[in-house]
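Participant: Taking the hints into account, I'd like the entire structure generated from these sequences.
Residue numbers (the working numbering), protein chains in the order written: chain C, 5 to 311; chain S, 5 to 311; chain Y, 5 to 311; chain H, 5 to 311; chain F, 5 to 311.
Honestly, the hints are just simulated from the structure, not real lab data.
Among the hints, a few may not be true.
Note that identical chains are pooled: a pair holds if it fits in a single copy or bridges any two copies.
[Unchecked claim] Below, a list of computed lysine to aspartate or glutamate pairs in the EDC-like style, where the Cα atoms sit at most 16 Å apart: (1) LYS166 x ASP129; (2) LYS210 x ASP269; (3) LYS210 x GLU184; (4) LYS183 x ASP116; (5) LYS183 x ASP118; (6) LYS166 x GLU128.
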Amino acid sequence: MTPRVREILSWYGADNPGSLTNLARLLNHGRLGGTGKLVILPVDQGFEHGPARSFALNPPAYDPRYHFELAIEAGCNAYAAPLGFLEAGARDFAGEIPLILKANDGDVLRDDKDPTQAPTGSVEDALRLGCAAIGFTIYPGSAHEGDLYGQLRALAQEAKAKGLAVVVWSYPRGSGLTKEGETAIDIIGYAAQIAAQLGAHIIKVKLPTAHIEQEAARKVYEAQKIPIATAAERVRHIVDCAFAGRRILIFSGGATVTDDDTLLDEFRAIHAGGGFGSIIGRNSFQRPQAAALQLLGRAMDIYAGTS
Amino acid sequence: MTPRVREILSWYGADNPGSLTNLARLLNHGRLGGTGKLVILPVDQGFEHGPARSFALNPPAYDPRYHFELAIEAGCNAYAAPLGFLEAGARDFAGEIPLILKANDGDVLRDDKDPTQAPTGSVEDALRLGCAAIGFTIYPGSAHEGDLYGQLRALAQEAKAKGLAVVVWSYPRGSGLTKEGETAIDIIGYAAQIAAQLGAHIIKVKLPTAHIEQEAARKVYEAQKIPIATAAERVRHIVDCAFAGRRILIFSGGATVTDDDTLLDEFRAIHAGGGFGSIIGRNSFQRPQAAALQLLGRAMDIYAGTS
Amino acid sequence: MTPRVREILSWYGADNPGSLTNLARLLNHGRLGGTGKLVILPVDQGFEHGPARSFALNPPAYDPRYHFELAIEAGCNAYAAPLGFLEAGARDFAGEIPLILKANDGDVLRDDKDPTQAPTGSVEDALRLGCAAIGFTIYPGSAHEGDLYGQLRALAQEAKAKGLAVVVWSYPRGSGLTKEGETAIDIIGYAAQIAAQLGAHIIKVKLPTAHIEQEAARKVYEAQKIPIATAAERVRHIVDCAFAGRRILIFSGGATVTDDDTLLDEFRAIHAGGGFGSIIGRNSFQRPQAAALQLLGRAMDIYAGTS
Amino acid sequence: MTPRVREILSWYGADNPGSLTNLARLLNHGRLGGTGKLVILPVDQGFEHGPARSFALNPPAYDPRYHFELAIEAGCNAYAAPLGFLEAGARDFAGEIPLILKANDGDVLRDDKDPTQAPTGSVEDALRLGCAAIGFTIYPGSAHEGDLYGQLRALAQEAKAKGLAVVVWSYPRGSGLTKEGETAIDIIGYAAQIAAQLGAHIIKVKLPTAHIEQEAARKVYEAQKIPIATAAERVRHIVDCAFAGRRILIFSGGATVTDDDTLLDEFRAIHAGGGFGSIIGRNSFQRPQAAALQLLGRAMDIYAGTS
Amino acid sequence: MTPRVREILSWYGADNPGSLTNLARLLNHGRLGGTGKLVILPVDQGFEHGPARSFALNPPAYDPRYHFELAIEAGCNAYAAPLGFLEAGARDFAGEIPLILKANDGDVLRDDKDPTQAPTGSVEDALRLGCAAIGFTIYPGSAHEGDLYGQLRALAQEAKAKGLAVVVWSYPRGSGLTKEGETAIDIIGYAAQIAAQLGAHIIKVKLPTAHIEQEAARKVYEAQKIPIATAAERVRHIVDCAFAGRRILIFSGGATVTDDDTLLDEFRAIHAGGGFGSIIGRNSFQRPQAAALQLLGRAMDIYAGTS
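Facilitator: So this is what it looks like as structure tokens:
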């Protein structure tokens, strides 16, 4: 156990040793094990965007085993997916990589301006599949946010009692926000704070822009001169918003990019700003495996501080 | 046990000794311990208003430990916060100050003219974190008030069976009220009564103005010549509305003020009018710690009758 | 919070902040508050030995209120009693002293060479009465020891989940032991170990003699030259047996003595040997209140190191 | 509400207002209503001794309605019986007299030197039948006492949560006691104490003799010169044993006597000694109704202090 | 994941991926990780034999942290202990080594010719402490064997549903066996079979002698010329008895030996005979840490095939 991992665990004093053990499993696995940084492979896009949109670019990715293998070979800290994908590989790959059961999911078969997600996995499922954590999406800003917060409250309570870790995808969306607002610095910071207040051990948000969505917030950002000009500064601010860095905060890789340099710059900014790593889905599994391994490797090099 | 605390406990004859014990913990802790008065530090603004708006004015306040330390050092009766903030310090500060778990919360990511709050904490959480009480917000006047009343009913029943105290934030809001009406004397009195009727042990309302919102109420206030000209008179009236003073009624400190004299005058009016104290959030944690300690100290002096 | 109390709490890393908070309530209350030492008043003798044998020596002690008052006035850390005695005073004395609900009890209406105790209180009872802990007796060496261990396992699990502390009275008795063996150094050490392994936060044993009961143990005591000649040495050994001092270990005052010097010497030995204090029943409530207060005061002086 | 009833209710501070209300129903009903004294008609002998032994002496008593009518006409405070007898009259006499559901019963079809009783009624039954209380028999001294204590613990917890009163028949019996010991002063005192410690609101014991059963007790009775020469002195001692008079303690009428003077002398002794009344079964329903009414009336006169 | 670990996991086809994951955690941790061999540190002797007999030889072992540190430093696959020992270190050492919660335990305070063990831990406990497995002792041959089998059945069912592994200590004892019979080749083989049939994932037995206890068995051993002359042959036979090697079978280190060569020869025999490793308690923690590390290291060298 490295001093850094021990330090991170010390932030979770209200949790039982079971949850700490599973956090340690996530932090100590893979190429970044022990650094306090994480690169996680998430594959919920089959549910969230549909299979062809998700997997046709790299057809082997239709096969659930592909993602286990990718995550293992790349040396990711964990692999996160909905129930079905995990069930399809959990026996064959038992013990090879920590698993995160995505416990709610939403599809895009309806165009809801106020999105929500349905419960698709349980704590019992996570235990029988050998998962280290459950994952849960909230949509701060949606008219359904209250339902999601309430569901997370109940699920997190049960997960913590059973010694699991809790990862929250906190994605601002909904009729109260502009499209630009979904990644505004104030809104992403707010989303990180809400997830932390709801008891998340690990929080996943999108990389914010310098846009400020709410007038009441703008006054504060300007008056206090909060530095948000660079991506690294913005990351540092979001880290502050997640309990002054005392909660593990990771960033989503976002939409598929064609230009890896942009992506790598984002990782560098996250690292420089004190972020804890990335969760990289489409930019890994939508390209050929060799290219994916290369990208994930470069991301890990950045977070390991060796590049 | 002072006679005053004993007298206050005698009002709660339907409660079991467990809830009385936790009320006593709140009333007997800190600099005002034993006086029957309370100054409580609440920090739910990270959730309610967003982190930058809440903490950027005093950046150490991003850290959840800051608020435990502030409440302890100031000698507050209790510290109230959502699940995440309490989880982040409950072990390190176990036994140092009574805790109140805010069990529902709302954000401002949507502009709801009829606001509500989502469940974010449970009685089980309160017990495992060592809390003396749960806190719950209701919005009398909102289209969702019935849901909130119903949720409070269930939560309070469970909390009382388990020996916890119940603190209700009763904030009139919603499409049925004007903005001015939210702090109108008749409406605040009504909100205090509703919280008391819902079984609250401790009720928190805003300081009322002399405005009267409802015509039917205005006739009575005028006919009966209810004195509401001064802040102290209005406090006394609200105290009457909370079961003739037989429920603990405290007042929120309200928005950040730049002029402490205004704030101190409010505390003096609350004290003079028979109020039981204040719950002071933004006016304490949004200023440097030394200044916060000074303000909280002056508030306590007023409630202790020594200033 | 004194450094010593903080240190003691640090030993209980598997417990939630609720149980730590209740341990802190016990450790921080009364004249010994903060020292890490405890003097507890237990009054279960009405059940365990019968009312006349227990209270006729000091008739005010028939009244359940008497014991609350004695414990409070003496400045004890806590008052421990069966359900009925606690129910008879819990409202009147709510919040005045931490309570420990004795959750099982046995009478002496039968002469069982293998004694047991019946369940007489529950975690629900403890919560509704505002208790900080439950107490439970085990009889290592009795033919019924397995039933008692199993009942304690279930009760302790529930108590810990609900944030209570767990105090175990570990009294070796039964057909496998000689009368002398019940207080033999090896057997008392064994009893302390068993209670600790069963998850007790606080362990209560009798002061051991230098007798060694088991041949297999005798060989080790002699070969390793474990010092057990003086009472203080024996206390130190029992403290070692309770996880090398990392569990709170207190000693029962034993049968009524007429010679206080003997008793005070015992307290001095417990203090010198690193014991955490005493639970003093018959030697306090079976004498007039003034004399009881004097004795308890002298005990506390010893444990405070001021005498 | 008379001051005396109010005083009695004040002893039950741990109970909810529901249990107090049902205690008040018992204390305020019938000819002794408001005096703090009770005469209760119990008819469980059909189960406990068999029907012919119980009812053939007065054949109308085979009819369950007979006992309702007797209790009502006599002005008893309550009528206590097993499930079947209550079910047979609860509708016809609904609201006419407080009912006590005897929740366990034993028969004499086996000659157990260590008797027990089987569960025969529940809290649910008591509520659906409109009962004010449940009744439960324990046999301190029986090898099965632990089972009975444990069953009572669970039943009383549920009854109290549901606002019922709890009446405990505490009858020392079993292989650990001599026949004479079953009514020995020390043993009856012990039985009263055990029932009180188990949380009984109302305790029923047999009238004790001056015999002392246990040597350890004898020493105390003699050394402390506890007065037990007269029946009234013995009653006073048993009252002391039941929390210094702070629990309602009533006495069973015992076996059928042919000489009413003996019986009336017993009532006078109970009254003189501070007992709270009698539960009179066989001596009422085993004689013609007119005679029964006369006897019950004379008992009530004694307890009312008018004779 | 090595092919050997993958092969071992393939034997447990009825188990869910959660239990496989936890088996993999055990098999992949420490110096023997990946070899399919295990060396486990068990410390239940404080409960099973008493603290002085267990720890006085090496006093640092009184401290529960010592054993965590020893197991970690030695590179054991897992550390197994009762509830109290695990609770005392589970937070500080979270994530550092797989834990096995011993879920039943027995003491030696009674000389039962038919021994049993009491429940001392639960599946809930194992989950909240972050354990990979529960451990359970059965005594085939004891009059209480049926109770133990039944308890194991229920516990194993729950553990497997929650994704834990199940380790069974199968120790023949009881009035049906001679002392010599407890380690007889036929009886140890029988004990291994019973544990396997009860659903154990991992079975722990003592190293057998060439003695044959049961006449009916002797005939077969002789007729079939089962080779049992050497320790390695006997190990191979026991491995056969545990589902032809398709269950993980490990051997206890037995009583403290002064001659390490004997012990190392045993490990060599276990290895040669196809055993899966050793569980080494007294021979490790009862000697100074450096010596313990040396011995455990030599054992691991043997099982790794490097010595």
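Participant: Which earlier hints turn out false for this structure, listed by number in ascending order?
Facilitator: Checked against the structure, no hint fails, so every one of them is satisfied.
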